[in-house]
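Undergrad: What follows is each chain in one-letter form.
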Amino acid sequence: MSDLIQTIACPQEITCLAQRLRNSAVDQDRHPNAILDIFEQWADALNDRHVRDIPGVTFLRLWLRRGTLEPILRRELGPDFLNGGWSEDGRARLRAVPLGVVGHWPAGNIEIQPVLSLTCALLGGNSCLVRIPSGLIEPSRLVIEQLQKIDHTGLLMERLAMITFDHSRTDLHEAMARTVDGAMIWGGAESVLQVRSLPFPHWARLLVFGPRLSVAAMDAATWGDGNERSSWCRRIARDVWQFEQQACSSPQTLFLECGPAGSDPAELVEDLKLAFKEENRAHPRQQIEPVLTSAICRARAAWLLADEANQASFPETPDWTILLGKGSHIPEPTQGRTLSILVADDLLKVVSKFDGNVQTLGLAIKDKQREEILTDAAARHGVDRVVRLGQMHVFSSPWDGTDLVRPLVRLVRHVSSQN
Amino acid sequence: MNLLADIQSPELEHSISHLLEVPPYGIAPEQRHKALLALFKQELDYACARNPQFCNYVKHWPIAVSAAQNISDLPYLPVSAFKANPPLSLVPPRDVKRTLTSSSTSGQVPSRVVLDAATSKRMTKGVIAIIRDFIGPSRRPYLVIDTPENLGRQAELGARGAAIQALGSFATEISCCLRPAQQGEPSLDLEKLLASVEKWKDAEVLVYGFTHLIWVHFVQALQGRGITLNMPRIHVLHSGGWKRLERLAVTKDVFIRNVSSVFGCPPDRVIDYYGMVETVGVVYPDCELGYKHVPAFADLIVRDPLTLAPVGVGQQGLVQVCSVLPTSFPGFLLLTDDMAEIIGHDGCLCGRRGTHFRFLRRVPKSEVRGCGNLETTRQRFERGSNV
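Residue numbers (this note's numbering), protein chains in the order written: chain A, 1 to 419; chain B, 1 to 387.
Just so you know, not all the hints are guaranteed correct.
[What the hints assert, rightly or not] Just a few of them, taken from the derived set where beta-carbon distance is under 8 Å, the chain B residues facing chain A:
{"#": "1", "residue": "Pro52"}
{"#": "2", "residue": "Gln53"}
{"#": "3", "residue": "Pro62"}
{"#": "4", "residue": "Val65"}
{"#": "5", "residue": "Ser66"}
{"#": "6", "residue": "Leu306"}
Don't read these hints as lab results, they were simulated from the structure. The structure displayed is predicted, hence computed values, not measured ones. Each residue gets a CB set at the ideal place from its N, CA and C atoms; glycine is no exception.
Start from the sequences and build out the full structure, keeping to the hints where you can.
TA: Here it is in structure tokens:
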């Protein structure tokens with residue numbers, strides 16, 4: 001086990017760590033600009049050859065840039081936040097103050113999620129107690145090692161404690177919950193419910209990012225355009241490949257608007273096959289869990305056995321799968337680079353069937369006005385993000401309809417006792 | 001019914017029967033492979049002519065059946081395909097004599113396979129051929145460590161009933177030593193057991209039970225009373241998986257030691273076998289060296305989960321079972337959710353020819369969805385693709 005990630009054996013160890021983190025958060029302000037400067041250097045350091053190939057690190061390098069984060073901070077906390085200190089609010093003053101110690105329970109299937117989660121809390125000036133899932137210890141260590149290298153004064157490192165313990169150790173989860181002032185909780189429904197029910201202080205603020213799925217949609221004018229189709233297919237492939245299609249923002253289904261007579265979705269499938277093959281060549285799998293292989297084989301068979309009109313394309317390997325049919329309901333997701341393509345008469349009707357389970361809608365729509373109508377409908381039916389295909393994973397604020405930094409600070413109001 | 005399918009049936013029947021008549025572990029692998037490949041191709045064509053959905057699956061397989069050079073190239077179904085309702089069938093409903101259902105754990109949908117008379121007959125022959133090779137051909141008293149209701153001839157039969165009845169051909173008389181559940185679990189009928197033991201004390205006896213039933217309701221029940229049976233000439237066959245015993249921290253060695261101690265028989269008389277309703281008729285008992293062997297009318301492929309390509313000797317992966325026996329359902333080539341290791345493709349020191357393997361474990365069930373689990377089973381650092 002690395003020194004950066006401490007294996008926890010008893011609740012007292014967590015209590016001690018949290019006390020150190022709280023002292024650090026309370027005793028000294030961190031100027032937002034200083035944090036952004038360190039993040040900028042960290043982004044550069046992540047180009048190190050030992051780190052840059054970790055899935056998601058390319059994105060993390062973009063995320064940590066001042067150019068990405070400054071606009072987010074301005075929008076969430078106002079233009080004065082970056083200056084630090086108090087800002088005028090009529091006859092009062094306002095100041096964003098960290099919650100204190102923020103606990104992080106990231107999901108275990110996205111390599112960079114522990115780091116993305118903690119960056120949100122650090123931006124708010126908080127200290128972070130991060131439970132690293134057992135499968136993510138090594139990538140998390142490598143990424144944080146780069147921060148350690150450039151954070152010579154310990155400006156951020158002393159506000160950071162990364163710990164690991166067996167997921168079944170309820171006593172340690174409880175100890176962690178008792179010591180924090182806020183939490184970022186990510187994961188599947190069962191896990192999220194379990195963490196939420198831990199004994200947090202009554203003042204603790206919880207940000208919960210539960211399980212959701214995402215879909216893509218393309219209008220007939222776009223997929224019928226032979227000149228543009230292959231580049232859209234490359235974008236779809238990119239969105240499907242990232243995070244092994246396990247992220248909430250991964251497209252599981254692509255809805256194709258039914259084209260005019262004579263247009264054949266098989267042309268799109270052919271282009272998509274090429275794009276998938278190319279993406280697979282560039283980013284081959286190194287390993288797979290047998291359970292995912294089984295799920296992929298099950299999905300292929302279930303699809304083709306369900307209806308003799310259903311079609312599919314897949315290689316002998318479990319590398320990728322395209323399932324083609326008709327319909328307007330989102331099928332049960334398989335993940336593992338398995339994309340269901342459903343031809344539908346009307347995308348608006350498809351979107352109108354969405355519920356809060358859909359996080360992101362990736363769009364490729366030629367007509368701007370039409371896109372706006374679809375976006376409005378999607379927003380009304382529970383979708384929190386509507387983005388261009390190829391950008392479905394761009395982690396930004398708000399995420400899941402929630403600000404990422406704002407909920408992790410308190411806005412303190414001071415009305416002077418003097419006239 | 002498609003005319004082509006009807007024409008093919010007698011030809012198929014002849015080819016399958018031939019494989020059922022040869023010694024199950026006596027054919028050289030290369031000789032067997034050729035015969036099986038041709039037969040599986042015939043069976044796939046036969047199935048395609050009878051089931052358009054199955055035909056759709058085969059049609060989309062990346063390698064055309066006609067172009068397949070190896071059994072591993074042929075289209076295989078995941079076993080879960082038999083969880084469909086109505087069950088996948090190659091015969092009209094009037095020809096279905098019996099439906100077998102898997103022993104699904106709570107909340108899971110059971111698999112269902114339909115048997116017509118011909119498939120049913122072949123499956124019985126298959127089990128007899130295999131088991132005879134392990135315990136000898138003679139008929140003998142049959143002690144069933146289960147409840148009597150599993151002996152009935154129901155139209156829909158569970159995995160336990162199917163396994164019990166498959167061994168019925170070896171029985172001169174049958175006794176079930178568990179009482180039906182009053183509340184939840186069955187219990188040992190000690191009086192009946194001891195009467196059977198007394199009656200059969202000098203005979204060769206066949207004993208069968210599900211692994212967890214034998215442990216919980218037989219071994220523990222007898223050990224709790226300090227009773228040891230003196231039945232040195234028995235064969236104890238058991239199947240049904242180790243999941244529940246793993247929860248009780250009971251290893252295979254511990255199981256065998258305790259079962260042989262309770263029966264008063266040598267440990268090599270306790271035989272674990274691997275099987276499932278989807279491939280009923282082909283079971284894989286442990287040989288003296290602890291390996292499972294593939295009979296003449298079947299094959300077994302272990303596939304690398306990363307590539308789905310067959311693995312070599314000493315490597316592990318997902319098990320694909322292959323059987324020529326069914327013609328009432330498309331259960332010829334099935335990818336299971338089990339993991340195994342290939343030990344060799346011939347030359348086991350036990351004398352049986354052909355592929356032998358070691359069962360490892362079930363692939364853990366997992367719901368795949370959304371932004372994943374807080375805790376993953378992934379214990380490695382995956383490199384390669386990035387954002």
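Undergrad: Hint by hint, say whether it matches the structure.
TA: The hints, checked one at a time:
Interface hint status for Pro52/B: upheld, as the beta-carbon distance to the closest one in chain A is roughly 5 Å, under 8 Å. With a cut of 8 Å, the hint placing Gln53/B at the interface with chain A holds, because the nearest CB-to-CB distance is about 5 Å. Because the smallest distance between the Cβ of Pro62/B and any Cβ of chain A comes to about 5 Å, under 8 Å, the interface hint for this residue holds. At its closest, the beta carbon of Val65/B sits 14 Å from a beta carbon of chain A; the interface hint therefore is violated under the 8 Å criterion.
The beta carbon of Ser66/B is not positioned within 8 Å of any beta carbon in chain A (closest approach about 16 Å), and the interface hint is therefore violated. Taken as an interface hint, Leu306/B checks out: its beta carbon lies about 5 Å from the nearest beta carbon of chain A, inside 8 Å.
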